[in-house]
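Q: This is what each chain is made of:
Number of protein chains: 2
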Amino acid sequence: MTAPAHTRRLAILGLGLIGGSLAVGLRQRGLVGEVIGWGRRAASLERGVELGVIDRYTLDLKEAVAAADIVVIATPTLIAEQVLAELKPLWRDDLIVTDVASVKGNLERAARQLFGTPPASLVLAHPIAGSEKSGVEAAHAELFVSHRVIITPLPETAPAAVEAVTALWRDVDAEVVEMSVERHDTVLAATSHLPHALAYVLVDSLAGDPAQRDIFRFAAGGFRDFTRIASSDPTMWHDISLANRDALLLAIDQFSAGLKALRESIDRRDGPAIMATFERAKEARDQFAVMLERQRAATTSQE
Amino acid sequence: MTAPAHTRRLAILGLGLIGGSLAVGLRQRGLVGEVIGWGRRAASLERGVELGVIDRYTLDLKEAVAAADIVVIATPTLIAEQVLAELKPLWRDDLIVTDVASVKGNLERAARQLFGTPPASLVLAHPIAGSEKSGVEAAHAELFVSHRVIITPLPETAPAAVEAVTALWRDVDAEVVEMSVERHDTVLAATSHLPHALAYVLVDSLAGDPAQRDIFRFAAGGFRDFTRIASSDPTMWHDISLANRDALLLAIDQFSAGLKALRESIDRRDGPAIMATFERAKEARDQFAVMLERQRAATTSQE
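Going down the list, the protein sequences come from chains A and B. FYI, the numbering for the first sequence is 10 to 312, going by my numbering. FYI, the numbering for the second sequence is 10 to 312, going by my numbering.
Calculated directly from the structure, the hints in this document are not laboratory data. Among these hints, one or two may not hold up.
You can't tell identical chains apart in this list, so a pair holds if it fits in one copy or across any two.
[To be verified] Below, a list of computed lysine to aspartate or glutamate pairs in the DMTMM-like style, where the Cα atoms sit at most 20 Å apart:
| hint | residue 1 | residue 2 |
| --- | --- | --- |
| 1 | Lys142 | Asp242 |
| 2 | Lys142 | Asp295 |
| 3 | Lys71 | Glu302 |
| 4 | Lys142 | Asp234 |
| 5 | Lys71 | Glu292 |
| 6 | Lys97 | Asp78 |
| 7 | Lys97 | Asp234 |
| 8 | Lys71 | Glu90 |
| 9 | Lys269 | Glu288 |
| 10 | Lys142 | Asp103 |
| 11 | Lys142 | Glu288 |
| 12 | Lys71 | Asp279 |
| 13 | Lys269 | Asp218 |
| 14 | Lys142 | Glu302 |
| 15 | Lys142 | Glu292 |
| 16 | Lys97 | Asp69 |
Construct the complete structure from the given sequences, taking the supplied hints into account.
A: Okay, structure coming up:
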């Protein structure tokens with residue numbers, strides 16, 4: 010089903026930070042035969058060729074798919090649904106189609122609507138990497154090193170297709186894990202989509218108050234780190250908020266209940282309740298920091 | 010009223026990150042005659058002497074105050090109120106008393122209760138610096154360089170006393186600004202106290218859900234930065250939450266209203282409303298990042 014790593018041909022549909030970093034990561038490691046880029050507009054694709062991120066590009070989806078063993082949908086989340094529809098008439102038995110979108114449930118629903126039974130060669134996946142930067146200019150070959158890629162096989166997905174996509178990500182030194190679509194969307198709502206929503210709301214509520222126009226002048230390092238993700242691409246997070254609507258609403262509600270409880274503790278000057286919340290959180294965050302430190306140490310020792 | 014910088018004598022009451030960094034910053038610059046440390050327990054004070062942060066220490070408050078021209082209350086926020094009460098019988102006309110606490114309104118109230126009319130030589134101040142680290146071990150001479158120190162003079166505060174405390178902070182290369190107590194507490198509630206509360210609540214609500222025990226394994230860089238402040242000292246933030254209760258409750262309510270509005274936009278799939286929130290926030294956060302970059306450039310060119 011799959012070509013040897015150094016001869017396989019990749020089509021990247023949508024050339025931004027993630028698709029570009031996968032392409033250049035494989036090319037710099039000599040683990041791909043050819044990478045062809047496809048998109049609606051030539052500008053970022055031309056830039057991708059100039060930067061050595063891709064070998065060549067086309068604006069013709071049919072041509073891109075015909076030239077590939079593996080197609081990676083790397084467009085913004087909601088556009089990925091449209092691209093899947095455009096791929097349907099171009100589907101072949103020997104083609105593997107995968108994606109990099111931050112939400113998986115909407116693509117599963119789209120696949121079921123389009124195909125009835127989703128194709129065995131469709132492998133939904135999500136590399137947990139990125140930054141507040143975006144675009145092919147930010148792409149780099151080491152973006153995924155020691156980062157997790159979550160593959161969410163459907164009951165219909167062929168094991169061989171999952172293996173091919175797993176190999177693709179391991180080839181850029183990512184760590185691949187599998188989970189269900191539902192679990193993925195719940196976990197990501199809590200650890201990623203909710204924090205982005207909170208950061209956007211905080212900055213917007215401060216910036217929108219004219220009485221507080223110079224308020225940012227008095228912000229310290231904690232505020233800088235806390236709000237960094239509010240500089241992320243609004244279109245990307247708009248798409249994610251809609252694509253993962255149900256899980257995000259649940260995460261917001263769970264958070265709001267916690268905030269309401271803390272508010273009530275502060276309101277009634279309940280010191281022990283406030284302390285209990287802060288101590289539990291610090292303990293969990295400190296454990297998380299230790300885990301991150303171990304990951305970093307493991308990464309360094311591999312270099 | 011004040012001694013020349015290199016001969017003035019400082020008493021630091023409570024030797025942690027902030028008091029220790031002020032002490033060692035002045036000592037390393039040769040801008041202090043002597044620094045005496047005072048606290049309830051000898052351990053951190055002994056460590057302060059070992060590390061060269063202070064010259065000597067005492068457990069006797071009367072002795073510490075008698076040896077000083079300027080007394081800096083650098084204990085946790087709520088304890089600062091008690092220390093102010095203990096200072097009352099030791100007050101002298103030629104003594105300046107200042108503090109470093111993160112909330113100013115509770116100390117103004119304490120001063121009015123204790124003294125009726127607050128002493129002209131009491132200067133409430135707040136250096137906006139710190140980290141999730143705490144304790145004298147983390148103290149360092151450059152902590153305040155290009156950081157803001159907010160001085161909040163009361164109507165009763167003597168201009169000469171404000172000048173002496175301003176000089177003290179400029180001597181460790183901080184940038185001093187003045188504002189009212191009320192404005193300070195409102196601004197800090199929004200830019201510091203609220204973000205800490207949000208980070209603590211987020212981590213606590215995730216860590217408290219047994220179904221999500223391994224959820225942090227799938228968290229990316231954004232989550233790491235967003236939750237860093239949840240590793241801050243729980244006692245410090247417990248104190249701040251109670252000391253600045255009213256302003257913090259208002260900030261929580263303002264934030265909650267913003268979150269509710271975003272929740273409703275997501276619930277009714279209102280893409281334009283979601284985009285508007287995220288775009289306004291990104292623009293404000295990007296402007297904030299530019300301001301930080303300018304500050305950093307200014308700092309570098311001074312070195």
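Q: If a hint holds in the structure, say so; if it does not, say that too.
A: Going down the list of hints, with the structure as the test:
| no. | hint | verdict |
| --- | --- | --- |
| 1 | Lys142 - Asp242 | within (8 Å within a copy, 31 Å between copies) |
| 2 | Lys142 - Asp295 | between (27 Å within a copy, 12 Å between copies) |
| 3 | Lys71 - Glu302 | neither (45 Å within a copy, 46 Å between copies) |
| 4 | Lys142 - Asp234 | both (15 Å within a copy, 15 Å between copies) |
| 5 | Lys71 - Glu292 | neither (53 Å within a copy, 38 Å between copies) |
| 6 | Lys97 - Asp78 | within (16 Å within a copy, 81 Å between copies) |
| 7 | Lys97 - Asp234 | neither (43 Å within a copy, 40 Å between copies) |
| 8 | Lys71 - Glu90 | within (17 Å within a copy, 73 Å between copies) |
| 9 | Lys269 - Glu288 | within (18 Å within a copy, 27 Å between copies) |
| 10 | Lys142 - Asp103 | neither (35 Å within a copy, 55 Å between copies) |
| 11 | Lys142 - Glu288 | between (33 Å within a copy, 15 Å between copies) |
| 12 | Lys71 - Asp279 | neither (65 Å within a copy, 34 Å between copies) |
| 13 | Lys269 - Asp218 | between (23 Å within a copy, 17 Å between copies) |
| 14 | Lys142 - Glu302 | between (24 Å within a copy, 16 Å between copies) |
| 15 | Lys142 - Glu292 | between (31 Å within a copy, 14 Å between copies) |
| 16 | Lys97 - Asp69 | within (15 Å within a copy, 81 Å between copies) |
Checked against the numbered hints above, the structure breaks hints 3, 5, 7, 10, 12 and satisfies the rest.
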